[in-house]
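Visitor: Listed below, chain by chain, are the residues.
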Amino acid sequence: MSVEALVTQLKGGLDAPICLTWELTYACNLQCVHCLSSSGKRDPRELTTAEAKQVLDELRDLQVFYINIGGGEPMVRRDFFELLEYSISQGIGVKFSTNGAFIDFDKAQRLAAMDYLDIQISLDGTDAVTNDAVRGEGSYDMARRAMDNLQAAGFGPFKISVVVTHHNVDQLDEFKALADSYGAQLRVTRLRPSGRGADSWHDLHPTNAQQRQIYNWLLAHGGHDSERPVLTGDSFFHLNALGEEPLPGLNMCGAGRVVCLIDPIGDVYACPFVIHDEFKAGSVRDDGGFAKVWKESELFLELREPQSAGACSSCGSYDACQGGCMAAKFFTGLPLDGPDPECVNGFGEQLLEGVQLASNPKPSMDHTKPVRVTPVSVTLGTTRKPVAVS
Amino acid sequence: MLDAALELHPQVALRPEPFGALAYHYGNRRLVFLKHVDMVRVAQDLANHPSLQATLEACQIAPARWPSFAKAFESLQTSEVVRVR
Ligand code: SF4
Ligand code: SF4
Numbered sequence: 000m001s002v003e004a005l006v007t008q009l010k011g012g013l014d015a016p017i018c019l020t021w022e023l024t025y026a027c028n029l030q031c032v033h034c035l036s037s038s039g040k041r042d043p044r045e046l047t048t049a050e051a052k053q054v055l056d057e058l059r060d061l062q063v064f065y066i067n068i069g070g071g072e073p074m075v076r077r078d079f080f081e082l083l084e085y086s087i088s089q090g091i092g093v094k095f096s097t098n099g100a101f102i103d104f105d106k107a108q109r110l111a112a113m114d115y116l117d118i119q120i121s122l123d124g125t126d127a128v129t130n131d132a133v134r135g136e137g138s139y140d141m142a143r144r145a146m147d148n149l150q151a152a153g154f155g156p157f158k159i160s161v162v163v164t165h166h167n168v169d170q171l172d173e174f175k176a177l178a179d180s181y182g183a184q185l186r187v188t189r190l191r192p193s194g195r196g197a198d199s200w201h202d203l204h205p206t207n208a209q210q211r212q213i214y215n216w217l218l219a220h221g222g223h224d225s226e227r228p229v230l231t232g233d234s235f236f237h238l239n240a241l242g243e244e245p246l247p248g249l250n251m252c253g254a255g256r257v258v259c260l261i262d263p264i265g266d267v268y269a270c271p272f273v274i275h276d277e278f279k280a281g282s283v284r285d286d287g288g289f290a291k292v293w294k295e296s297e298l299f300l301e302l303r304e305p306q307s308a309g310a311c312s313s314c315g316s317y318d319a320c321q322g323g324c325m326a327a328k329f330f331t332g333l334p335l336d337g338p339d340p341e342c343v344n345g346f347g348e349q350l351l352e353g354v355q356l357a358s359n360p361k362p363s364m365d366h367t368k369p370v371r372v373t374p375v376s377v378t379l380g381t382t383r384k385p386v387a388v389s
Numbered sequence: 000m001l002d003a004a005l006e007l008h009p010q011v012a013l014r015p016e017p018f019g020a021l022a023y024h025y026g027n028r029r030l031v032f033l034k035h036v037d038m039v040r041v042a043q044d045l046a047n048h049p050s051l052q053a054t055l056e057a058c059q060i061a062p063a064r065w066p067s068f069a070k071a072f073e074s075l076q077t078s079e080v081v082r083v084r
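First to last, the protein sequences are chains A and B.
Everything in the first sequence is counted per numbering that gives the first Met the number 0, starting at 0 for the first residue and increasing by one.
Everything in the second sequence is counted per numbering that gives the first Met the number 0, starting at 0 for the first residue and increasing by one.
Don't read these hints as lab results, they were simulated from the structure.
Just so it is clear, CB atoms sit at the ideal spot from N, CA and C, and this is done for glycine as well.
Any given hint might turn out to be false.
Now the in silico label distances, taken between C-beta atoms and shown as ranges [claimed, not checked]:
{"no.": "1", "chain 1": "B", "residue 1": "Ala61", "chain 2": "A", "residue 2": "Gly287", "range": "38 to 48 Å"}
{"no.": "2", "chain 1": "B", "residue 1": "Met0", "chain 2": "A", "residue 2": "Val128", "range": "48 to 58 Å"}
{"no.": "3", "chain 1": "A", "residue 1": "Gln89", "chain 2": "B", "residue 2": "Ala46", "range": "19 to 29 Å"}
{"no.": "4", "chain 1": "A", "residue 1": "Asp105", "chain 2": "B", "residue 2": "Gly26", "range": "24 to 34 Å"}
{"no.": "5", "chain 1": "A", "residue 1": "Gln89", "chain 2": "B", "residue 2": "Asn27", "range": "14 to 24 Å"}
{"no.": "6", "chain 1": "B", "residue 1": "Gly26", "chain 2": "A", "residue 2": "Arg59", "range": "11 to 21 Å"}
{"no.": "7", "chain 1": "A", "residue 1": "Lys294", "chain 2": "B", "residue 2": "Gln43", "range": "23 to 33 Å"}
{"no.": "8", "chain 1": "A", "residue 1": "Asp285", "chain 2": "B", "residue 2": "Pro9", "range": "49 to 59 Å"}
Could you put the whole structure together from the sequences, leaning on the hints where they help?
Guide: Laid out in structure tokens, this is it:
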């Protein structure tokens, strides 16, 4: 079977997801401006330990080989290690994303002693200024400390996860060097206008020239022939329209087909970047649990049908780029059957000009913490960006 | 390759799918697609026969397809989905 035939099969859906993300909590010690899940405060409805274990039992029965755990900051949950150990004992490997705040040396040792565990530390700049502008003050040092602790504890090759933006795209080589210095693997992913990213996307997303830069860089560093290839989570396939050579990966939107998200309260979405009612397939708390949602939900069955290329059908690059990312289109107010807002041929940009910003869909969940007013830091006469309070 | 005595790697789990199966290697954490149901049958039966060829015969795979199976299993060996016993 050719790669194309396999991709056709995958688009028709699998018996269970390959890439399942499970966000354990909306609580987070940070408040990154591009947070895909608008995290901050804990949600009182979050799954209990017993419920979470039930979900893991179900995933084991479905033969889900590994899960991606995220948040919020997953280590905030008191039962974090309990769930981690339980998952691994059930034969479900875990890769978890963290900002590193809670990886002190003791925890690093505990993590290093576990099998089938991958850790991904988020970092969005190779210096504190670039990183902290997006992830908040002190977050660079926090992440570096976690990396140092993992290294000292002999964890082995962890991952450094970078969201590529307008501001850090020139640091790709430095990120690679940093990862190499730890014996770590670099993972770079695409910025999507999801969650709080809907508000920051216009300031943060790479320009068209920078997209070409990313494409060329990934071609040079992403291949499986390099010792530790740079990973992308298959997130840059819209860039394939730039040239003959496709980026490594399946190059398809996996939402509801091979990918899905379980959010902290058990709701199941088509992918981690579409936390919106329109992409909610059901809940693990429904009768029939996760398996029924995955196999039978109307939304997922619909996503597994052949999708229309719409306005992209007249573009010669459609086979290479597939019209890009559904989440990126949705949250920038573009039609789903048309070009990506970052269409490398500029068609998305043209369309964006016609979109009324205020009418864009907003994420259904917002756990952003209300701004604390600290009288000392108030400077009169400056305009502050209002922060949404839910 | 046809003479090789193979087995599924003990750290590999197979998950049946409409197109064949997904193979996951818990050691190197790689996910590999077995792109045909016949491949899956053969892979699961490898350990019961003295060679790949004997397994193909037992699974009633037409000899005309053996070369492509030999190639496929070679690449499965590289990705450590199967290994020499
Ligand atoms: S028009 Fe559509 S298919 Fe063509 S490059 Fe843009 S997004 Fe891709
Ligand atoms: S919607 Fe976008 S982020 Fe989600 S799976 Fe599809 S391409 Fe990936």
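Visitor: Cβ-Cβ distance between Lys294 (chain A) and Gln43 (chain B): within 23 to 33 Å?
Guide: Cβ of Lys294 (chain A) to Cβ of Gln43 (chain B): about 24 Å, so the range 23 to 33 Å holds.
Visitor: CB of Asp105 (chain A) to CB of Gly26 (chain B), is that within 24 to 34 Å?
Guide: Cβ of Asp105 (chain A) to Cβ of Gly26 (chain B): about 27 Å, so the range 24 to 34 Å holds.
Visitor: Does the Cβ distance between Gln89 (chain A) and Asn27 (chain B) fall inside 14 to 24 Å?
Guide: Distance hint for Gln89 (chain A), Asn27 (chain B) holds at roughly 20 Å.
Visitor: Should the hint that Gly26 (chain B) and Arg59 (chain A) are 11 to 21 Å apart at their CB atoms be regarded as holding?
Guide: holds (19 Å)
Visitor: Assuming the hint says 19 to 29 Å, is it satisfied by the Cβ distance from Gln89 (chain A) to Ala46 (chain B) or not?
Guide: holds (25 Å)
Visitor: Are Ala61 (chain B) and Gly287 (chain A) spaced within 38 to 48 Å by their CB atoms?
Guide: holds (42 Å)
Visitor: Asp285 (chain A) and Pro9 (chain B), beta-carbon distance inside 49 to 59 Å?
Guide: Hint violated: Cβ distance 37 Å, outside 49 to 59 Å.
Visitor: When you take the CB atoms of Met0 (chain B) and Val128 (chain A), is the distance between them in 48 to 58 Å?
Guide: Given about 56 Å between the Cβ atoms, the range holds.
In terms of the numbered hints stated before, the structure departs from hint 8 and from no other.
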